[in-house]
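Asker: Read off the chains here:
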Amino acid sequence: MRKYIEIFKSQLQLDAAYNGWFWANAVASVIGLLIAFSFWHAVYRHTTQIANMNLPKMISYVVIAMILGNYVSGVGNRLSESIRSGEVAIELMKPYDLLLKLIWLDLGSKVSASVRNSLPLLVIGYAFLGVQAPVSLAGGALFAVSAILGVLIGTQFDLIIGVLAFWTVNVWGLRVLRTGILSIFTGALIPVTLFPAWLLRISEVLPFQSMVYTPVAIYTGAIPFQAVGMTLLIQTIWLIGLYVLVRLIWSVALRKVVIFGG
Amino acid sequence: MTVWRYARLYLEFVKQVLKVWLEYRVDFFIGALSTIVIQFASLLFVTVVFEHIQQLNGWSFYQILFIYGIAATGRSIHLIFFDNLWTLGWQYIRTGNFDRLLIRPINPLFHLIADRIQQDGVGQLAIGLVVLIVAATHDGTVWTPASLLLLILLILSSGVIFSAVNLFFATLSFWMVDSLPVMFATFSLSDFARYPLTIYNKGIRVLLTWIIPYGFTAFYPAASILEPAKFGLMALITPLVAAICSVLAYLFWNVGLRAYTSTGN
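Here the protein sequences come in this chain order: A and B.
Residue numbering for the first sequence follows our numbering, starting at 5 and increasing by one per position.
Residue numbering for the second sequence follows our numbering, starting at 241 and increasing by one per position.
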């Protein structure tokens, strides 16, 4: 009997570990929301408008951007872990395209995360923090399209970070580096329109603001209706461009695998 | 002398780590750069916001930077020297490696901590010091040798509080196998400490002062120097909090250690 109780206990510990991560992320997200909420309330204590945004609009932007920002990366971790463990060599022999497989795995976990993590955060946002609904029904639909494009652009960029595991063992450092760059330029922390002119100029020629800023600005109405078509086009171009770049880097990296193989 | 012996041992551990750093120079560079970029992102955020406002709840840009600088340097002490606490569950207890530490004739906690020196913290320390210097020379404080010494003491206390809180929650691994999620969730509370606690509501302030004392890792020490009339006493309380946290965490670690050995039998 004793051994079965041990088995029972081990499964409890396993589940607690996974559920543990769910709750840990939930706590961290709620803390992030509370900090942003308090911070922006303090910012608006002596002013009513910042870059043509009032407080409710800013709160809406920040909360939606924070939630969307959780989705721009993820697939790179799967790739780098597969490279570091050497599993990639076996994976390459299997009858599927490894990158596509990883992307679909990643999308699966993002869909489940949107129910498990993002929905509760959205409810908190709408119920307690004063997040506004999308500017219009059509605006909401276009936001959804733009957000999906943004996540796909983020996925391609993340694959580039993942492939770099072929060249460095400090994968953790690379991830932190990526997080830093993304938090500045995607607009996940702050609308890029608040940037000083020189920084805005840099941001405009990079793909990052297409990941978070563009969809959320469509949501809040900061990008006017007639300009949405153009921004969706820009997003599509970035997606295709990064896709081609990923394939190029991947083929170079694969040659390296062959060399390792002897 | 035990202290002397442990100091010499620690140096031996450091030598090994330095060899690894020299071997993997690109990785060292990436690690240092990564923490710099993360810090830079937060600083940029504050700078951009202050392009549009003069003060945040009565605190000026350089005062906010000063709080931020103390948080960053305190955190870097924890990151460089005590980073291995994060790995107790998944790299030592789950794999059984912890038994290796127990059979050595040195304190297992010392061994655990000395097993790793986190290179990525070096970048954070550098940027934290730069921010502190920039803030300290612009926020109107008059510096004396005594107040500089106080600042160093407060930063060390900040690092100790970060580490003690982490040690406390890492110890839970002795019962849970891996308490990393709990550590992660608790650590995310420290993000509150980057801004003046006065912008938060009462519940959050009480939590960060009396329960998980991250308020003493940045805001209270900074405020004791910036506004000595109102917060001066905090300069005394901060090292005291650091000492109490360390003692509590170490006692709890010892309880955990006993629980662990008994399940091993």
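Derived by calculation from the structure, the hints in this document are not laboratory data.
Check before you lean on any hint, since a few could be wrong.
Using C-beta positions, here's what the derived DEER-type ranges look like [unchecked claim]:
| id | chain 1 | residue 1 | chain 2 | residue 2 | range |
| --- | --- | --- | --- | --- | --- |
| 1 | A | G233 | B | L396 | 50 to 60 Å |
| 2 | A | G134 | B | Q295 | 30 to 40 Å |
| 3 | B | G472 | A | Y247 | 58 to 68 Å |
| 4 | A | T172 | B | R248 | 45 to 55 Å |
| 5 | B | D339 | A | Y247 | 31 to 41 Å |
Away from chain A, derived, C-beta distances all over 12 Å, residues of chain B [unchecked claim]:
| id | residue |
| --- | --- |
| 6 | I270 |
| 7 | L273 |
| 8 | I293 |
| 9 | R334 |
| 10 | L342 |
| 11 | Q359 |
| 12 | L389 |
| 13 | A483 |
| 14 | S486 |
Covered, in the sense of this in silico footprint (three residues per stretch, anywhere, with C-beta under 8 Å from a C-beta of chain A), are these stretches of chain B [said to hold, decoys possible]:
| id | stretch |
| --- | --- |
| 15 | 245-252 |
| 16 | 257-269 |
| 17 | 374-385 |
| 18 | 440-450 |
For each residue, glycine too, the CB sits at the ideal point set by N, CA and C.
Asker: Name the hints, by number, that the structure is in violation of.
Answerer: 2, 4, 5, 6, 7, 8, 9, 11, 15 and 17
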